[in-house]
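Protein chains in written order, with full-length UniProt numbering: chain D, 1 to 430; chain P, 1 to 430.
FYI, nobody ran anything at the bench for these hints, they're computed from the structure.
A quick note: this is a predicted structure, and the numbers were derived from the prediction, not measured.
It is possible that part of the hints are untrue.
To be verified - Example chain D residues on the side facing chain P (calculated, C-beta under 10 angstroms, incomplete):
no.	residue
1	22
2	32
3	140
4	141
5	148
6	243
7	244
8	283
9	294
10	296
11	307
12	320
Said to hold, decoys possible - Computed Cβ-Cβ distance ranges for the label pairs, DEER-style:
no.	chain 1	residue 1	chain 2	residue 2	range
13	D	406	P	381	49 to 59 angstroms
14	D	193	P	377	45 to 55 angstroms
15	D	429	P	232	31 to 41 angstroms
16	P	73	D	376	36 to 46 angstroms
17	P	381	D	372	40 to 50 angstroms
18	D	194	P	406	49 to 59 angstroms
19	P	291	D	324	22 to 32 angstroms
Using N, Cα and C, we set each Cβ at its ideal position, and we do this for glycine too.
2 protein chains.
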Amino acid sequence: MADPLNIALAGLGTVGAGVVRLLADNGDLIARRAGRAIRVVAVSARDRTRDRGIDLSGIDWVDDTAALAEHSGVDAVVEVVGGSDGPALALARRTIAAGRSLVTANKAMIAHHGMDLAAAAEAGGVALKYEAAVAGGIPVIKGLREGAAANRFAHVYGILNGTCNHILSVMEKEGRSFADVLAEAQALGYAEADPAFDIDGVDAAHKLAILASLAFGTAIDFDAIETVGVRHVVEADIAEAAALGFRIRLVGVAGMDAGGLFQRVHPHLVPHDHPLAHVSGSLNAVVAQGDAVGRLFFEGRGAGAGPTASAVVADLIDLARGASGPVLSMPAETLERAAVADAGAREGRAYLRFAVADRPGVLAEIAAAMRDAGVSIESLIQRGTMPDGSVVVAMVTHRGREACVTDALGRLRGSASLTGQPMWMPILED
Amino acid sequence: MADPLNIALAGLGTVGAGVVRLLADNGDLIARRAGRAIRVVAVSARDRTRDRGIDLSGIDWVDDTAALAEHSGVDAVVEVVGGSDGPALALARRTIAAGRSLVTANKAMIAHHGMDLAAAAEAGGVALKYEAAVAGGIPVIKGLREGAAANRFAHVYGILNGTCNHILSVMEKEGRSFADVLAEAQALGYAEADPAFDIDGVDAAHKLAILASLAFGTAIDFDAIETVGVRHVVEADIAEAAALGFRIRLVGVAGMDAGGLFQRVHPHLVPHDHPLAHVSGSLNAVVAQGDAVGRLFFEGRGAGAGPTASAVVADLIDLARGASGPVLSMPAETLERAAVADAGAREGRAYLRFAVADRPGVLAEIAAAMRDAGVSIESLIQRGTMPDGSVVVAMVTHRGREACVTDALGRLRGSASLTGQPMWMPILED
Numbered sequence: 001m002a003d004p005l006n007i008a009l010a011g012l013g014t015v016g017a018g019v020v021r022l023l024a025d026n027g028d029l030i031a032r033r034a035g036r037a038i039r040v041v042a043v044s045a046r047d048r049t050r051d052r053g054i055d056l057s058g059i060d061w062v063d064d065t066a067a068l069a070e071h072s073g074v075d076a077v078v079e080v081v082g083g084s085d086g087p088a089l090a091l092a093r094r095t096i097a098a099g100r101s102l103v104t105a106n107k108a109m110i111a112h113h114g115m116d117l118a119a120a121a122e123a124g125g126v127a128l129k130y131e132a133a134v135a136g137g138i139p140v141i142k143g144l145r146e147g148a149a150a151n152r153f154a155h156v157y158g159i160l161n162g163t164c165n166h167i168l169s170v171m172e173k174e175g176r177s178f179a180d181v182l183a184e185a186q187a188l189g190y191a192e193a194d195p196a197f198d199i200d201g202v203d204a205a206h207k208l209a210i211l212a213s214l215a216f217g218t219a220i221d222f223d224a225i226e227t228v229g230v231r232h233v234v235e236a237d238i239a240e241a242a243a244l245g246f247r248i249r250l251v252g253v254a255g256m257d258a259g260g261l262f263q264r265v266h267p268h269l270v271p272h273d274h275p276l277a278h279v280s281g282s283l284n285a286v287v288a289q290g291d292a293v294g295r296l297f298f299e300g301r302g303a304g305a306g307p308t309a310s311a312v313v314a315d316l317i318d319l320a321r322g323a324s325g326p327v328l329s330m331p332a333e334t335l336e337r338a339a340v341a342d343a344g345a346r347e348g349r350a351y352l353r354f355a356v357a358d359r360p361g362v363l364a365e366i367a368a369a370m371r372d373a374g375v376s377i378e379s380l381i382q383r384g385t386m387p388d389g390s391v392v393v394a395m396v397t398h399r400g401r402e403a404c405v406t407d408a409l410g411r412l413r414g415s416a417s418l419t420g421q422p423m424w425m426p427i428l429e430d
Numbered sequence: 001m002a003d004p005l006n007i008a009l010a011g012l013g014t015v016g017a018g019v020v021r022l023l024a025d026n027g028d029l030i031a032r033r034a035g036r037a038i039r040v041v042a043v044s045a046r047d048r049t050r051d052r053g054i055d056l057s058g059i060d061w062v063d064d065t066a067a068l069a070e071h072s073g074v075d076a077v078v079e080v081v082g083g084s085d086g087p088a089l090a091l092a093r094r095t096i097a098a099g100r101s102l103v104t105a106n107k108a109m110i111a112h113h114g115m116d117l118a119a120a121a122e123a124g125g126v127a128l129k130y131e132a133a134v135a136g137g138i139p140v141i142k143g144l145r146e147g148a149a150a151n152r153f154a155h156v157y158g159i160l161n162g163t164c165n166h167i168l169s170v171m172e173k174e175g176r177s178f179a180d181v182l183a184e185a186q187a188l189g190y191a192e193a194d195p196a197f198d199i200d201g202v203d204a205a206h207k208l209a210i211l212a213s214l215a216f217g218t219a220i221d222f223d224a225i226e227t228v229g230v231r232h233v234v235e236a237d238i239a240e241a242a243a244l245g246f247r248i249r250l251v252g253v254a255g256m257d258a259g260g261l262f263q264r265v266h267p268h269l270v271p272h273d274h275p276l277a278h279v280s281g282s283l284n285a286v287v288a289q290g291d292a293v294g295r296l297f298f299e300g301r302g303a304g305a306g307p308t309a310s311a312v313v314a315d316l317i318d319l320a321r322g323a324s325g326p327v328l329s330m331p332a333e334t335l336e337r338a339a340v341a342d343a344g345a346r347e348g349r350a351y352l353r354f355a356v357a358d359r360p361g362v363l364a365e366i367a368a369a370m371r372d373a374g375v376s377i378e379s380l381i382q383r384g385t386m387p388d389g390s391v392v393v394a395m396v397t398h399r400g401r402e403a404c405v406t407d408a409l410g411r412l413r414g415s416a417s418l419t420g421q422p423m424w425m426p427i428l429e430d
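Assemble the whole structure, with the sequences as input and the hints as a guide.
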């Protein structure tokens, strides 16, 4: 068997400790598959004294995280510190500059700095791998970059944040409010104390930016993503959607459409017969629609020590076997930033929900606004009430331009009939 | 850009023509992703004159298929002739002997001769790739061999034959008989004129043998697979299973269990809340349960020109980028044939269906046989009738050893109460 692949590991939180544990537990099996042992020779983390339940004997402890990049005898650095900038980015840059390969689980860093890092890695002839950055243990980076690489993709989309999916699933199953379920998830450790990154869709957008680049051969463009999270989904939305034949999921969607690259993270109504409707709890799932392969669907655990470590170590096995090819789908220097799609020009169906005062004429006012904006209504129900006692009017539109719906909502802005902000959600197609 | 990857293509049926078309349609994109053009320089097929709707100008036509192996300037040979032996195998052996890489969609050849071919390829330092051999366009070979390579697998299973899944789906949806749906599928070209390979489970078993080797690091052992197809599933089974909360799917299952490697292709009852229950029509799906990653689920098109070509060309892109690593999960010479599991010692739940005469005492006789064999009944329904008018008794057992169920069925053999062969199907777990 060849010489071991020696790695330095930055970060010993849940993921880092998971990597150490997985390499220990399945070390022999991994070595047989990789053709050589994969050995942690140096680590760096904040607190040296903390008991993580893993054996670090024989492993060098390095206080200066960035110094791992040049640590003696290291073939590759694994970065699981997190954060788009700061120590993670410093380490990534120094590792590549030192002519060593980098494996990272850091979606924020790849979403923000992936183009620069990829170009540097390719110029330096080292690998940069990030399977764990999207959808945790699901090998979807590999699926797009390699497994479906012969295809022109129509779109790629998925459930990319397990916390949001957990919250929506519990709301749906137990009829509880967003705030209530979030508070419980925080108490149980399923959601962060500061949950904004997850529930506002930023984490999903990081992942979507990476998937879009892989699928469409465009430069990663996180800033162009329209990002709306799940804060404003109320129990009534879930109930009305169910009555109309849908489930609500936070879906990140990307496609070449309406004059450019369309990228959006938003709560969507997903038809009951669509595979994403059956993705429950903290699972993640990704759909890619290729011109040759048709619809590919991947599902699995998107977070947690085991799944994330599984993806990190898969990258290491690739390195040990002799990974090759570009960092993204094509050499980074050939990827250009796409024009941004005009979302208003996209065609689709939409869900609209209004909280209205319970008095005559309200429905006529809404219907008139729809008519005047050219929005055609496919189905409408008025049956629920909001927590404040106002009446819920929910509808699904026929296919039409998003701009028309925006226009209709504009016409209703400030109307005394509405007791709160209307909710708009796109309906997921194919 | 580097020199093109020059390929010779054996077989211009649905798949071969699909490969030519895909390389033509997406050629520029594929070249950008692969880092070099992928170019068909020679082809061989039975009938030179047939119009396949593809442009073969500038491509050498070779009458002797096996001679493609040494055709001048060829880097890799693509074999889509089919058949476990004969011309396909001869070409495969000659290609590897000639020091060239082989890409194949041939599940039968890999199931029967994969170990020898892999050993020869590894000894010769050439690649042998076969993504298209299992589950068509779904990158599940890559998923197991690379994406989830850090995991110890508990089991791997899936819906591996689209024809059977189509037939079962239509029977379920339209309440029609097996023979009726099969005849229609044949007329529409969804099923072969000689459908035995599909409906008797042989095709699924070929694929399962490959998946099991990848997951468990054992030698491919097709002969050890217990293979039962879908011929004996009747409408009443589907209806009773539905009443009990299940759908019927032909599932290939492999795991290390009961003293060795367990491999079985058999109709299973799949709980409604299991992802395989939602795999309809001709789709394929694979589940792998890893110790770190948990349950991974892959779904997509398992056959047809586009999906199969997608997988073949993905292999070619891997070659063009510089593929590496063993043919299977580990070097072929290190893989040993596993002991065969004692299926009778496995624990699980089962579905049993009896067609019985409509007279007193029949149920007591069945119940007594179950009791005497130590089989505990979880639920039982007697409501349907068979086409011949006999009464259907269907039941689901509690978890127990398969051997007990076999014993119970043995006790009832030859009973005058039974008007036909009992049906036994395992219930799919996790």
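Checked hints:
1. 22: With Cβ-Cβ at 5 angstroms, under 10 angstroms, it holds.
2. 32: Hint on residue 32 of chain D: holds, closest Cβ of chain P at ~5 angstroms, below 10 angstroms.
3. 140: holds, 9 angstroms
4. 141: Because about 9 angstroms separates residue 141 of chain D from the closest Cβ in chain P, which is inside the 10 angstroms limit, the hint holds.
5. 148: Holds, because the Cβ-Cβ distance from residue 148 of chain D to chain P comes to roughly 6 angstroms (cut-off 10 angstroms).
6. 243: violated, 21 angstroms
7. 244: Interface hint status for residue 244 of chain D: violated (20 angstroms vs cutoff 10 angstroms).
8. 283: holds, 9 angstroms
9. 294: Holds - the Cβ of residue 294 of chain D comes within 10 angstroms of chain P, reaching about 5 angstroms at its closest.
10. 296: holds, 4 angstroms
11. 307: holds, 5 angstroms
12. 320: holds, 9 angstroms
13. D/406 - P/381: 49 to 59 angstroms: Since residue 406 of chain D and residue 381 of chain P have Cβ atoms about 54 angstroms apart, the given range 49 to 59 angstroms holds.
14. D/193 - P/377: 45 to 55 angstroms: holds, 50 angstroms
15. D/429 - P/232: 31 to 41 angstroms: holds, 40 angstroms
16. P/73 - D/376: 36 to 46 angstroms: violated, 60 angstroms
17. P/381 - D/372: 40 to 50 angstroms: 57 angstroms Cβ-Cβ, so the 40 to 50 angstroms window is violated.
18. D/194 - P/406: 49 to 59 angstroms: At roughly 58 angstroms between Cβ atoms, residue 406 of chain P and residue 194 of chain D fall inside 49 to 59 angstroms, so the hint holds.
19. P/291 - D/324: 22 to 32 angstroms: holds, 28 angstroms
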